[in-house]
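Respectively, the protein sequence lines represent chains F and Y.
So the mapping is simple: my numbering equals the position in the first sequence, first residue as 1, plus 22.
So the mapping is simple: my numbering equals the position in the second sequence, first residue as 1, plus 22.
Honestly, the hints are just simulated from the structure, not real lab data.
Any given hint could be a false lead.
Same chains, same names: a pair is fine if it fits in one copy or spans any two.
[Unchecked claim] Computed list of lysine to aspartate or glutamate pairs in EDC-like fashion (alpha-carbon distance at most 16 Å, straight line):
1. Lys64 to Glu154
2. Lys25 to Asp92
3. Lys73 to Glu94
Given the structure is predicted, the values throughout are model-derived calculations rather than measurements.
One letter stands for each residue in the lines below.
There are 2 protein chains.
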Amino acid sequence: MAKEIERKFLVNDSWQPKEDGQRIAQGYLCTEPAHTVRVRVKGGRGYLTVKGRSEGIQREEFEYEIPLRDAEAMLQLCDGPLVEKVRYREKWGAFCWEIDVFSGANDGLCVAEIELPDDQAEFPRPSWLGREVSGEVRYYNSQLIKHPYSEWKKV
Amino acid sequence: MAKEIERKFLVNDSWQPKEDGQRIAQGYLCTEPAHTVRVRVKGGRGYLTVKGRSEGIQREEFEYEIPLRDAEAMLQLCDGPLVEKVRYREKWGAFCWEIDVFSGANDGLCVAEIELPDDQAEFPRPSWLGREVSGEVRYYNSQLIKHPYSEWKKV
């Protein structure tokens with residue numbers, strides 16, 4: 023078990039990938055407010071992840087690597103469409119950003135996440151960093167299967 | 023991944039345990055018809071199990087052993103009360119029965135399950151075997167948290 027302390031930001035157009043990213047497909051077996059159960063295929067490996075309720079920017083997380091074949095079969099059991107994205111990793115000072123460029127129903131969405139040692143930690147802000155969206159529910163991957171980004175624009 | 027082929031029966035009063043059973047506590051992160059996600063603590067070990075939709079007496083099952091501490095923490099995330107039972111194993115001919123004696127909200131319920139190599143397999147019937155309840159949804163453990171056996175009697 024790990025406590026996840028993460029902050030999430032939008033990414034503005036000045037950001038460009040510096041190297042190849044890792045393709046991710048993920049789905050959800052459960053997206054209740056109290057907990058989510060995620061199935062993920064990332065870089066040819068499978069993962070099953072349970073996350074508890076968000077408390078501010080903290081969240082309980084339990085992640086297990088599972089056989090790829092299991093993960094692929096379980097993706098078929100998931101509710102709704104899958105979340106598809108390419109993940110890029112970029113160092114900035116002592117920190118490492120994960121930049122997710124979505125495709126499919128969430129095409130056009132790009133967010134950057136940073137994992138922090140504690141919820142007061144300071145970190146340098148890259149020039150491409152946009153507005154903070156930590157805790158904004160609609161940016162949760164578990165919500166992007168129900169209300170994909172492509173539908174937001176119409177509102 | 024495994025395909026579970028199981029048949030489930032009630033157990034009549036003539037059955038008596040021959041040796042100590044194994045205490046099981048389990049809860050559900052998800053109990054949708056299409057899939058369930060179960061957290062279980064059994065004999066001091068933790069398990070996370072995803073099951074697909076039942077097709078007759080067959081069901082896709084993915085089970086992973088996880089750290090006990092994770093399982094105990096995840097039980098706190100589960101919906102509703104836990105299912106508590108003691109599981110006994112009993113050989114009968116070439117087959118092994120699992121007999122679950124429920125307690126707590128499901129006190130009084132006792133069911134026996136047998137795992138079969140295929141859905142046509144024949145097996146000897148112990149004298150204590152009651153009515154078959156394979157596929158009866160209310161006997162699913164995932165339903166016993168929502169509609170426990172103690173409440174059936176009132177209906």
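Evaluated hints:
no.: 1; hint: Lys64 to Glu154; verdict: neither (25 Å within a copy, 43 Å between copies)
no.: 2; hint: Lys25 to Asp92; verdict: between (26 Å within a copy, 12 Å between copies)
no.: 3; hint: Lys73 to Glu94; verdict: between (20 Å within a copy, 14 Å between copies)
The structure fails hint 1 only (numbered hints given earlier).
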